[in-house]
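Enquirer: Protein chains in written order, with our numbering: chain L, 1 to 205; chain F, 1 to 205.
Some clues are possibly wrong.
To be verified - One side only, chain L facing chain F, incomplete, derived with CB under 10 angstroms:
(1) Arg9
(2) Thr11
(3) Phe12
(4) Leu163
(5) Asn164
FYI, nobody ran anything at the bench for these hints, they're computed from the structure.
None of the values given here were measured: they were computed from a predicted structure.
Just so you know, even glycine gets a beta-carbon here, dropped at the ideal spot from N, CA and C.
Spelled out, the chains give:
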Amino acid sequence: MNPSVAAARATFGDAIGRAVEARAETSVTVSAARLLDFMRWLKDTPGQEYNYLVDVTAVEFRDRERPLEVVYQLRSLEHKANLRVKVELDPRGELAVDSVTSLWAGANWLEREVYDMFGVVFAGHPDLRRILMWETYAEGHPLRKDFPLRGRFSRAEQVRQALNISPEAHYSMEELSIAESFDDLPADMRDRLRRGERDVVPGSE
Amino acid sequence: MKHVIETKEVSGSPNFQLTTFQKLVDWAVNQSRANSLWPMPFGTACCAIEFMATAASRFDLARFGMERQAFSPRQADVLICAGRLPFKLAPVIRRIYDQMPQPKWVISMGACASTGGIFDNYAMVQGIDTIVPVDVYVPGCPPRPEGLLYGILLLHKKIKGESLFDAVPRRDEQPLDERGLRLPPAEIDEISEPFGNSVHQFRSS
Numbered sequence: 001m002n003p004s005v006a007a008a009r010a011t012f013g014d015a016i017g018r019a020v021e022a023r024a025e026t027s028v029t030v031s032a033a034r035l036l037d038f039m040r041w042l043k044d045t046p047g048q049e050y051n052y053l054v055d056v057t058a059v060e061f062r063d064r065e066r067p068l069e070v071v072y073q074l075r076s077l078e079h080k081a082n083l084r085v086k087v088e089l090d091p092r093g094e095l096a097v098d099s100v101t102s103l104w105a106g107a108n109w110l111e112r113e114v115y116d117m118f119g120v121v122f123a124g125h126p127d128l129r130r131i132l133m134w135e136t137y138a139e140g141h142p143l144r145k146d147f148p149l150r151g152r153f154s155r156a157e158q159v160r161q162a163l164n165i166s167p168e169a170h171y172s173m174e175e176l177s178i179a180e181s182f183d184d185l186p187a188d189m190r191d192r193l194r195r196g197e198r199d200v201v202p203g204s205e
Numbered sequence: 001m002k003h004v005i006e007t008k009e010v011s012g013s014p015n016f017q018l019t020t021f022q023k024l025v026d027w028a029v030n031q032s033r034a035n036s037l038w039p040m041p042f043g044t045a046c047c048a049i050e051f052m053a054t055a056a057s058r059f060d061l062a063r064f065g066m067e068r069q070a071f072s073p074r075q076a077d078v079l080i081c082a083g084r085l086p087f088k089l090a091p092v093i094r095r096i097y098d099q100m101p102q103p104k105w106v107i108s109m110g111a112c113a114s115t116g117g118i119f120d121n122y123a124m125v126q127g128i129d130t131i132v133p134v135d136v137y138v139p140g141c142p143p144r145p146e147g148l149l150y151g152i153l154l155l156h157k158k159i160k161g162e163s164l165f166d167a168v169p170r171r172d173e174q175p176l177d178e179r180g181l182r183l184p185p186a187e188i189d190e191i192s193e194p195f196g197n198s199v200h201q202f203r204s205s
């Protein structure tokens with residue numbers, strides 16, 4: 001068992017749920033309310049120093065009674081230790097946890113992916129929008145168990161919605177790195193970028 | 001005897017001369033077009049690896065007049081969609097197709113581009129013929145380079161059978177209708193119907 005678990009129990013008490021060791025890897029459950037405190041403690045406390053957030057993902061189980069888990073895979077580069085932190089959420093209720101982007105900036109896109117695929121809302125995330133599906137995608141969150149394999153709409157409707165998207169709208173101006181050269185672009189491209197769903201274009205009035 | 005006399009009369013008629021002239025022009029134009037196709041590779045998956053093998057020295061696309069890979073749609077004749085097409089890329093391939101000058105042809109390479117293949121799910125276009133008109137479908141998962149070459153030779157054959165003076169096989173622009181679709185919705189749904197192993201999966205599961 002990872003020694004961080006015992007230290008965490010001493011510090012956080014009941015907020016730390018069950019801890020499981022499987023194949024020399026420790027998973028520990030924490031309440032959603034104390035997640036951010038716990039993560040900050042794991043990252044900053046001497047002796048813990050989990051300074052590398054490897055992955056953020058989520059699991060929903062076919063068994064409706066089991067909670068949906070948001071999973072954080074942490075690694076301490078100093079101590080060469082791994083720790084898996086899980087937060088359990090009720091899949092029938094509102095899915096919300098605090099964002100850890102204030103601790104690890106790399107959580108930004110990982111949390112966006114979990115939001116896109118599972119609909120988990122990360123409070124305090126600076127830019128919480130879809131990352132894999134396009135931003136106007138209206139069928140829901142594809143990796144939820146109640147999501148039909150082929151999507152909710154008919155194929156014709158899916159094709160219609162896909163073809164009516166402006167490809168430029170997949171990207172923000174910052175992502176395209178042409179924000180500063182906006183005025184030098186051809187007029188039609190400027191128009192298309194302005195008309196994009198994001199409609200906030202830096203540099204244009 | 002009578003038959004020969006008739007032929008003589010016909011060969012002197014203006015219609016016969018016009019037809020002969022048209023055939024000569026068609027032959028010259030079609031030979032030029034078929035033997036100097038400029039492919040626009042649209043590679044999204046493993047089929048693109050096979051396409052690269054086809055273009056490389058062992059199989060050598062250049063033997064069939066495809067010396068120049070046009071990575072710009074404005075300078076291309078044939079769009080080769082190599083790999084599965086997610087809905088997010090549907091407007092992209094449509095715009096690439098629209099940007100290609102006439103005459104233009106499309107090769108759908110591999111099972112996924114032609115039918116959606118194993119990806120009968122929420123994210124994938126079930127055959128690029130719901131987005132752009134397709135001339136040659138190359139089966140395989142992925143097709144071997146010989147398969148793609150055979151498809152290209154079939155396209156040559158198709159091009160050589162076209163006529164400048166016949167409006168029907170000439171490439172019409174086929175713009176999208178007011179809904180933004182290439183085909184009627186019912187037809188898209190019919191094309192996208194599950195087949196093979198996918199019929200055992202319910203739409204709701």
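Enquirer: Look at each hint and say if it fits the structure.
Expert: Going through the hints against the structure:
no., hint, in the structure
1, Arg9, "violated, 41 angstroms"
2, Thr11, "violated, 43 angstroms"
3, Phe12, "violated, 40 angstroms"
4, Leu163, "holds, 5 angstroms"
5, Asn164, "holds, 4 angstroms"
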